[in-house]
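Novice: Protein chains in written order, with the numbering used here: chain P, 1 to 103; chain V, 1 to 165; chain X, 1 to 504; chain G, 1 to 533; chain U, 1 to 697.
Worth flagging that the hints you see were computed from the coordinates, not collected in a lab.
There could be a bad hint or two in this list.
[Claimed, not checked] Listed next, the in silico DSBU-like pairs over lysine-lysine satisfying Cα-Cα at most 30 Å (straight line): (1) U:Lys585 to U:Lys675; (2) U:Lys675 to X:Lys161; (3) X:Lys459 to P:Lys88; (4) U:Lys574 to U:Lys380; (5) X:Lys161 to P:Lys102; (6) U:Lys170 to G:Lys474; (7) G:Lys26 to X:Lys459; (8) U:Lys32 to G:Lys479; (9) U:Lys504 to U:Lys63; (10) U:Lys170 to G:Lys330; (11) G:Lys125 to X:Lys459; (12) P:Lys88 to X:Lys456; (13) P:Lys102 to X:Lys456; (14) X:Lys459 to P:Lys102; (15) G:Lys479 to U:Lys121; (16) G:Lys30 to X:Lys459; (17) P:Lys100 to X:Lys111; (18) X:Lys456 to G:Lys72; (19) U:Lys675 to P:Lys100; (20) G:Lys479 to U:Lys203; (21) P:Lys88 to X:Lys161; (22) P:Lys100 to X:Lys161; (23) P:Lys102 to X:Lys37; (24) U:Lys203 to U:Lys504; (25) G:Lys474 to U:Lys171.
[Unchecked claim] To spell it out: a stretch of chain X is covered by chain G in this simulated footprint if at least three of its residues, at any positions, have a beta carbon under 8 Å from a beta carbon of chain G; those stretches are: (26) 410-419; (27) 423-429; (28) 450-462.
Don't be surprised by glycine CBs; every beta carbon is placed ideally from N, CA and C.
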Amino acid sequence: MLQVGLTHFLVVSAILFSLGIYGIVTRKNAVMVLMGIELVLNSANINFVAFAKYGNYGLGGQIIALFVIILAAAEAAIALAIVLNIYKTFANVNVDEIDKLKE
Amino acid sequence: MNYYDIIFYLFAIITVGSAVFVVTTRNVIYSAFFLLFTFFGVTGIYVLLGADFLAVVQIMVYIGGILILLIFGVMLTNTITNVEIRTGTLHLLPAAIGVGVFMGAVVSVMIWTDWKSQPVANPVTTTKSLGYLLINEYVLIFELLGILLLIALIGAASIARREKE
Amino acid sequence: MANTNLYHSLSLITPEIFLSVALVVLVLADLVLHKDKKLIPYIALLGIIGTGYLTISQFGMSGFAFQNSASMFSSYGMITVDSFGIFFKSIVLISSLLIILFSFQSEEIQKINDRIGEYYALIFGMILGMFFMISATDLILIYLSMELMSLSSYVLAGFTKLRDRNSEASLKYLLYGAVSSGLMLFGISLVYGLTGTTNLYIINSLIQGPQINLFTLAFACILIFAGIGYKISSAPFHFWTPDVYEGAPITITAFLSVASKAAGFALLIRFIKTTFVSYVDPNGWWHLINVFDWKTLIIAVSILTMTLGNFSALWQNNMKRMLAYSSIAHAGYLLLGLVVFSNQGLIAILIYFSVYLLMNLGAFLVVMLIANRIGSEDIDDYNGLGITSPFLSVSLAIFLISLTGLPPTAGFIGKLYLFIALVDAKMIAVAVIALLNTVVSLYYYIRVLKHLYLVKPVKEPVAITTSFSNTVLVSVLMLPVIFFGIYFEPLVNFAKSCLLILGL
Amino acid sequence: MIGFPILSLITFLPILGMFIILALPKEQPKNVKYLTLAITAIQVVLAIILLANYNYSAAGIYDEKSFQFIEKFRWINITGISWLGTVKIDYFMGVDGLSTPMVLLTALISFIATLSSWTIEKSVKGYFALFLLLDAGMMGVFVALDFFLFYIFWELMLLPMYFLIGIWGGPRKEYAAIKFFIYTLFGSVFILLVMIGLYFSATELMQDGARVHTFNMLALMNPANYSPDGILSALNPNNLRLIAYIALFAGFAIKIPMFPFHTWLPDAHVEAPTPISVILAGVLLKMGTYGILRISYPMFPDITRQLMWYIALFGMINIIYGALVALAQKDFKKLIAYSSVSHMGYVLLGMASLTTVGINGAIFQMFNHGTITAMLFLIVGVIYDRTHTRGLNDFGGLATQMPVYTGFVTVAFFAAIGLPSMSGFVSEALVFLGAFGVELIRVLTMISTLGILLGAGYMLWTLQRIFFGPLNEKWASLKDLDGREYAMFIPLTIIIIFLGVYPSGMLNIMNTSVNSLVSFVTTTIHSTSLGGL
Amino acid sequence: MNESLIVNLSIIILFLPLLGFVTLIFLGKWIKKLHLFEVFILGLALILSIVVMYAKLSFYNVKDIVAAFTWISMGNAPAIGSINIELGIKIDNITAIMLVVVNLISFLVHMFSIEYMRGDKRYTRYFAYLGVFTFSMLGIVLTHNFLMMYIYWELVGLSSYLLIGFWFEKKSASDAAKKAFIVNRIGDIGMFIGILILFTQYKTFTFDVIFQQIGLGNLPFNSTAWLTAAGILIFMGAVGKSAQFPLHVWLPDAMEGPTPVSALIHAATMVAAGVYLCVRIFVMLTADAMLVIAVVGAFTSLIAATIALTQNDIKKVLAYSTVSQLGYMVMSVGVGAYTFAFFHLVTHAFFKACLFLGSGSVIHAMHHEQDIRNMGGLRKKLPITYYTFLISTVAISGVPFTSGFLSKDGILAGTLAFGKLTSHWLIPAMGFLVAAMTAFYMFRLVILTFHGEPRDHHKYEHAHESPFVMVAPLVVLATLSIFIWYTPNPFAPADGWFLKNWVKTPAQVTPVQTRFEFMKPSTEEAKAEVHGEITHSVEYTETMHWAHYPAMILSLIVAGLGILIAFMFYQWKKISADKLAEKLKTLYKLSLNKWYLDEIYDATAVSGTLGFGSILAWFDNKIVDGIVNGSAHVTQLVSKFSNLFDTYVVDGFVNFTAFFSGFVGLSFRRLQTGKVQTYIIFVVFSIIILLLIFKPF
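Looking at chain P on its own, in the form it has when it is part of the complex (with noise of 0.2 Å):
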């Protein structure tokens, strides 16, 4: 058990996206929600890379993770530009807050 193999990436990546999920869902903070989400895309990862090993399914895992981490990072870019015109426009970034429409 204690010897470390696949299932002890894979519950750490299941763990990192369960907190990521969390901190989406309870986190007031816009920047912060989006935090949680670079959780979640982190676990991901870990998980091609573990699978991509352990499988032998050769380098495969390890280039979706880098396509996800450039992913990331443009979603960072446009979720953050989107952000700051939130703020422009409310004043304040509490994603609970910004509710007109609904309903």
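Using the hints provided, position chains V, X, G and U relative to the given structure of chain P.
Specialist: Same frame as chain P, now just chains V, X, G and U:
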């Protein structure tokens, strides 16, 4: 228990522990710094998994880029004079229940699944192979990512820039 | 990789290449022509037309591009070109063309004329993303193309920045989208872990083996479905839809409601068909690999989606929001075409989509034209417009009747084929639920008509005259709605010729 | 046979008229009215031509050869992928003894309703355009022989009806209009479903020998055309014929309207403008019973036989219930509306008998109810135009003030009561004769005869409350009928009395077909194996 | 005189009044004095009908003339064969006689009305209505089948409705008209069902065919019970039209119509149609049916007579007397005295018409005063009216040398024989009791009206004898109340030409076992002994002979007694009517208030139906509509949503799923909180749920 294992646990604890702080601490700045540790931990895990290039990219892009971006975001969207930049939390209970169940599901999936597990030693360096793959098999995605970045650039610039009014 | 292979691949993705070039040209043009941006929409038009030409010239062509030379399944590539894909690409292109034409007319878009280059560049980004979504057969490509489309649409949803609701829409869309795609990515990673590949064809052949952990696969499937379901706004992943549709500029709302949904559907159908269908029998029935009960999932989701969409729409006072819920409901109807898992169902989806394109865009167009004039999308502000603005009101009435699915409009034909597929598959109960949903949907569509015609306005409503180009544009959408309602042979024939999904 | 496609002409002429009206300038509403009048008049002429060329001995029903004025050509033809098969839909029209009376009725009532629409002031163009569209839809329903075509026409008239009630109606018009719409749509989705089910269960033999799924009503009637595994094939042990029948019946029953689906009717009638009430009661309600006779009966003869008691039961409930509720009404129009419920019950009862006499009576009653109720609603319209009230207790003694009007009212009321020498009597009598002859529903029939009494009760009471007694001084200046109103009442009166004295004039049209229908429904067995396959 | 001529003449007779009606209705507005045309037409019809009667009775005495044509043909119906519904006429002796009776009385009433109705604002319309009535009545008389009988039956009802409600400005008149029609309809339903039974079995309406089939043993649904039922049900038509208990309540009210109308319709002809119907179906009546008929008739005559005793309205007295006499006739059919029933129908028609017209003359003279308590002493002022009235009264009381004596005596003899043969003694007892009461109340009427001192001097002063056109009919009718028209021997009605030659009891067709004992044919020899066609047993004939004299004597005694008592009370004032009334207060009140039957009906049937109607209307509005509609009550209970519901209702949004869909819609809408993180939580939970549902293990 060998060194590999110990290092793994170390990084795993760093990763998970700081991630816990990331999502629980009320201070945004703290949170950002804990995120740094998380990313760092992930980097370590990458190294343990033999993904050296990825680890570097993780440090450069994530820690050097995204995290800085996030901190900028924090700075730009809060009054700087306010020393304690705090954030509230909401629906903790449903989130805790939902995520708890969810985590249980994910973790049990991870544990009980009979994954294919026949690790082979990675080549010492993966950079070259990755490069080769990038412009061969994954060239389409590579190009697509280029366009994606262009779009992100345009989009971010477009949305963040001040109106002339 | 042999060069011939690359050339072959490139020749199959000429429309996508052309799109990318057009995108770059747009960006450059925006930089060069920063004083006078009148030309830019025309460049965009040209780009669409060129892509359209290339797409249509691919008709009848089929093949795999970007084959994985390293794999033993080297014959299957990341991209598949087939008539099914071309159909949805055409849907996307036609709606893009119409959206660009709408943008000419939209006052919202007129106001951001100085950023028009970026606007079109982002639209092109979306189109490109959709194109890859439609034809991708590799999970990672699917994911990234979805992201490409999403990132563009996040920005576009908040593009005009005229009102709070733009920014809000864009933030909500972003957060929701990011979570959904994160879930999907996690699902993909699980599939990757189970099979060691992201290519759908290979996955298909691998999951037929006995060693696959079905629970994990189911988990992965659900996560991936969450990602796709969010794109097609099917319940329970639809929550963003009303808020974003209401908040976004109307042209983008229309675009999201048709094109992005089309891409999502194409993706969903291709994903399920390619990955989980073992074979198609001569009667056109798809036989699922017995690893995950997609049928039940989609039936449940479909019924939930249409019911939720219809019932929520009952209460809406904002036209865009009402149409958003209506589009959710329509996603539910469209899923019905998938639940039967047959070519009959597929044909129904294709027909329904063609019709949906016309009627939904038409409805949005009229709403936009009215909003241009009265500055409101509130149903209450429509009171009495039926008398003062007969053309727009009649057109809107026809579009809404078509959305309800009453003859003699094309909407009826769409529904008819869906129900034909259901009855053929002996899923009578589902058909009954769907039909009752249709009745419910009548409430809110007819409510608009009520406000247009029956309710006495408090003050004399403005008479909205339409310019010649607007009249033509509305007619172009309205006449086919009637025509296909009466004579739908060409529609069905077209759909019939677009059934090919390359697969095992 | 005539040299031109008379059925298409009679159906699509109003649509042509609609387009002309839309093109006419708004400023001269008179032109619009005259045009509509001309078109409906041409329809009447066409209907007469049709009748003049009608072959009384041709049966129709399930036999294409004995249908008349057939127009049939391929409308939709999507040829083959193996698994899809050929999809074909015909433009298939024709009339037999079932539909001809309805065509005549539709033409007549449209014409009368046009006359009655003369007082419409509000957006005349729109009104008459919708009116003509409605006209076309109704006519189409009665001449279509392809289920798909039938369904298109069936739904086509919903929307104009909605607007006609909703825009030109009374104070609660919106409510009434939407209620009408929702109810009818609710019914028609079931029809749609059964239609699709039938489509898949049966095939038609084409000229090239291929078997093709079909919407052709006549092909759907032939048990030999059902493939054994079709869900609506009697050979399929898990067939859904009973459920399909009930669904189909419900779809039509809403239109009739049959208890307990009738609640849309009083609202729609009360709120609709007079000419629309006239059309609604005169023609639209007939669509339900026509649909049952044309579609439910011959396509599901086995289930029909099985359920005839229930149909009769609902007929009885309609008769008694409608009459009793009518008795309690205080609004003139509502009373007439409930009387319609009651009278349509006779149609159901007659149909349930599955005998020549009963079904003849039922169809005849459909026609007669069309004319009589049209007249009753016109009567309400006349008084409402003048006084703007419909309260039964607001009047009194109008007979002195408006003797001619009272005369027509008396004729119409007694026709509705079923007084001999008026058409209503013959049809009611035939219904009872037919229904009583069937032992199964004899008791129900006997109870139903109470309707005769109750009908007399509410009608005469109404007559008394409005027309008799001392004149209410409020109405001392009411004018009697004018020329236009004469023109509406006289043809209807003549028809009512003519058919009362000489019912064969109408019965002969339907007789052959009804005999054929009855023998088809009572003898067809739906479990023979697929012929030739 | 050949058959077709008779048929043609009959058809002309039938349609002449209709022609009058059509002419008057359409042209009456423009042409003055058009009513004379109608009178002329009736005169013509009368002459023709006399010709027809003469021809029929002389040349075709035993042969029925039938002519028919197919009205509705339904071709070759599956499982049934050809169905042809025929209309046609049948002229037998009673038809021929009825033709004359109807036309004669109609003509006289027309004549009478010329003066009586003068000055009415709907003068011509009145004659038109009379025309349509005559037409319908002739139709009933002439028909050869049940359907046509029913058709004209209803048309008679219509004309009765129109004429009763002729002065519709009076609420009581329109009420009475409505009541008459509806009460009649109750009976008609029974008749209709009876006809339905017969048609179902025989696929025809024609009397002769049906009777022939019954005679052949082809019974409705092969059961004698159904035959009995058919007879009783058809008799229900007669119950309505002939105002038999319990449907007699309309007739007294019908006196709201003009008096000549009462004479024509509600005394002489239409109400007799019920008896005529009974006579027509006599041959198919089983013993049970006959017993029912006899009891109904007897009871009706008794109850009406008791009511007539105390009425003060001259027309009401006559009305109840009519009811009573109709009961007599019906009873007569029931006891098998077929010929006397018809005979009484004819004689009663004349003297009752005379009485009504006489009362009309009185009313006319008294300026529309109808209460006999305000009359008196009119003998001097209205001599002709008085004497004709008196003759008729004598006739109805059954005093010898009048037609009434002949027919009533026959009926009483019939009941007596019936009582003896079947031991149902109550029926003759009632018959004689009624005879006494009849004599009493009729003479009470005469005395109070014409004798003594005038009680309203003002009106008395202005009273004067009616003009010629009014008294002439009286004279004619009074003359017809003398025995000589019917028989040369005033004490032996059966010897007269009327009963001996013209009207004969037809042969029963019902299965033998269903008949009364005395209706069963005896041996061949016995049959030959009596009249050729009669199917009565020898005992019956003998009993009738036995009953003849006791009945005559008894009836003379009771009639005399009744008259005597009337004189004691009102002429000589030996006994005070008021005091007696005081003593028998309960009975008096019951009689005066017509046994409270109207009130009972109002309280039960009428308000019951109306109440049920209202309940159903409420039910329809609230429950049926409500279930589908989302009822307002549910709305209020769910107070949280009530506000929404109000807008919902006002919005015209209510529909069958209103509550449900509204609720569902609302709940769904609640999900849309506008907070994106909430949505994400939903997504997480959705995935968990989906996972729980779709776990493939």
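Novice: Hint by hint, say whether it matches the structure.
Specialist: Verification of the supplied hints:
no. : hint                 : verdict
1   : U:Lys585 to U:Lys675 : violated, 88 Å
2   : U:Lys675 to X:Lys161 : holds, 20 Å
3   : X:Lys459 to P:Lys88  : violated, 37 Å
4   : U:Lys574 to U:Lys380 : holds, 24 Å
5   : X:Lys161 to P:Lys102 : holds, 19 Å
6   : U:Lys170 to G:Lys474 : holds, 18 Å
7   : G:Lys26 to X:Lys459  : holds, 22 Å
8   : U:Lys32 to G:Lys479  : holds, 24 Å
9   : U:Lys504 to U:Lys63  : holds, 12 Å
10  : U:Lys170 to G:Lys330 : holds, 22 Å
11  : G:Lys125 to X:Lys459 : holds, 23 Å
12  : P:Lys88 to X:Lys456  : violated, 41 Å
13  : P:Lys102 to X:Lys456 : holds, 28 Å
14  : X:Lys459 to P:Lys102 : holds, 29 Å
15  : G:Lys479 to U:Lys121 : holds, 19 Å
16  : G:Lys30 to X:Lys459  : holds, 29 Å
17  : P:Lys100 to X:Lys111 : holds, 23 Å
18  : X:Lys456 to G:Lys72  : violated, 46 Å
19  : U:Lys675 to P:Lys100 : holds, 9 Å
20  : G:Lys479 to U:Lys203 : violated, 50 Å
21  : P:Lys88 to X:Lys161  : holds, 10 Å
22  : P:Lys100 to X:Lys161 : holds, 15 Å
23  : P:Lys102 to X:Lys37  : violated, 36 Å
24  : U:Lys203 to U:Lys504 : holds, 29 Å
25  : G:Lys474 to U:Lys171 : holds, 18 Å
26  : 410-419              : holds (count 3)
27  : 423-429              : holds (count 4)
28  : 450-462              : holds (count 4)
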